[in-house]
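Student: I would like the entire structure built from these sequences, with the hints used as guidance.
If you count by mature numbering (1 follows the signal peptide of the UniProt record, and there is no 0), then the sequence shown holds residues -29 to -1, 1 to 249, one letter each, in order.
None of these hints come from the bench; they were simulated from the model.
Some hints could be false.
Between beta-carbon pairs, the in silico distance windows are [said to hold, decoys possible]:
| id | residue 1 | residue 2 | range |
| --- | --- | --- | --- |
| 1 | Val192 | Arg31 | 52 to 60 Å |
| 2 | Cys178 | Ser59 | 29 to 37 Å |
| 3 | Ala182 | Arg231 | 24 to 32 Å |
| 4 | Arg231 | Gly51 | 22 to 30 Å |
| 5 | Arg31 | Pro94 | 22 to 30 Å |
| 6 | Glu146 | Ser42 | 46 to 54 Å |
| 7 | Glu85 | Ala164 | 42 to 50 Å |
| 8 | Ile48 | Gly145 | 20 to 28 Å |
| 9 | Ser227 | Ala156 | 54 to 62 Å |
| 10 | Cys178 | Asp134 | 19 to 27 Å |
| 11 | His131 | Ala244 | 42 to 50 Å |
| 12 | Ser59 | Val234 | 52 to 60 Å |
A virtual CB, placed ideally from N, CA and C, is assigned to each residue, including glycine.
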Amino acid sequence: APHTTMGLRQCLTLLYVTAAHSWAACARGTSTRTLATVLVASRARPLFAVFSGIVEEIGRVAVMEKRRDLSLWDGTIGEGWQMQVEASTVLEGAYLGCSIAVNGVCLTVTEFDETHFSVGVAPETLRLTNLNGIAAGAPINLERALAADGRNSGHYVQGHVDDVGVIEAMTPDGEALTVRVRPPARLMPYIVAKGFIAVDGTSLTVCNSNAEEGWFDFMLVSYTQSKIILPKKSVGDMVNLEVDAMAKYVERSMSSLLERMHVLETKLEEQEARLREA
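Tutor: Structure (structure tokens):
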């Protein structure tokens, strides 16, 4: 392999990629030698969609329409929603099938030219995100997927939006802007002060989180305000939310551990009871 100098974040990215594809390779019976070859060859192109939450540009919806002439997997013709987006930066290096985060939603490019790209929008995406009802002319946050050795100045964003939240307040604080959001109650356990959250695909640090009242807030410095769409929104508008995936994994692991501890505790209590009776 060529000699390279990588920082900690880049190494972690490669480890993340390696782990994910090792699991996939095992499932397919792919050899580790083949996997290593793929990893080296793909350093300039993402193996799978991981984003940083650092918005690259604000694009604009050119067309959002329901198509009735889409070719389906079985050769028949069906219907579905398609979005065409006007962009520039994220089209650099674009290819059919590449992933672009649109307001934090990982979508697959189906067509593109020098000024536009098109993506299909699935029913689940429309149910869970603010792309439902978006109209031509609307500004949108755009980001390309990270390359395996790319820099990550935000946090690992999957582009799998959990749900939408509602903006409750937007309060200027000097040159900064504090934004308070009310998420669905089921997401509050994953939102903690000083933790990560992606809002419309933007990697942000939670300032305060109030589980009892059901809200969290974050602060946008002036530079960030000029690079994303959020300051253009108003109280009552919806934002896409993706909580830090690590919090979900920790909860799953801890839940399993607590279940095993409960079983062990029950067995110990039963053993103590038998010893007292003896």
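Student: Hint by hint, note whether the structure agrees.
Tutor: Results for each hint:
1. Checked against the given bound of 52 to 60 Å, the beta carbons of valine 192 and arginine 31, roughly 24 Å apart, lie outside it.
2. Here the CB-CB span from cysteine 178 to serine 59 is close to 33 Å, well matched to the stated 29 to 37 Å.
3. Taking the beta carbon of each, alanine 182 and arginine 231 are about 26 Å apart, inside 24 to 32 Å as hinted.
4. Take arginine 231 and glycine 51: their Cβ atoms lie about 44 Å apart, and the range 22 to 30 Å is violated.
5. In this structure, arginine 31 and proline 94 meet the distance hint of 22 to 30 Å, their C-beta atoms being roughly 24 Å apart.
6. In this structure the supplied range 46 to 54 Å holds for glutamate 146 paired with serine 42, their Cβ-Cβ distance being about 51 Å.
7. Look at glutamate 85 against alanine 164: about 44 Å separates their beta carbons, and that is inside 42 to 50 Å.
8. In this structure the supplied range 20 to 28 Å is violated for isoleucine 48 paired with glycine 145, their Cβ-Cβ distance being about 56 Å.
9. Distance hint for serine 227 and alanine 156: a CB-CB separation of about 23 Å, inconsistent with the stated range 54 to 62 Å.
10. Between cysteine 178 and aspartate 134 the beta carbons are some 21 Å apart, a value that agrees with the proposed interval 19 to 27 Å.
11. Taking the beta carbon of each, histidine 131 and alanine 244 are about 47 Å apart, inside 42 to 50 Å as hinted.
12. Take serine 59 and valine 234: their Cβ atoms lie about 57 Å apart, and the range 52 to 60 Å holds.
Figure legend: structure checked against the earlier numbered hints; hints not met, in rising order: 1, 4, 8, 9.
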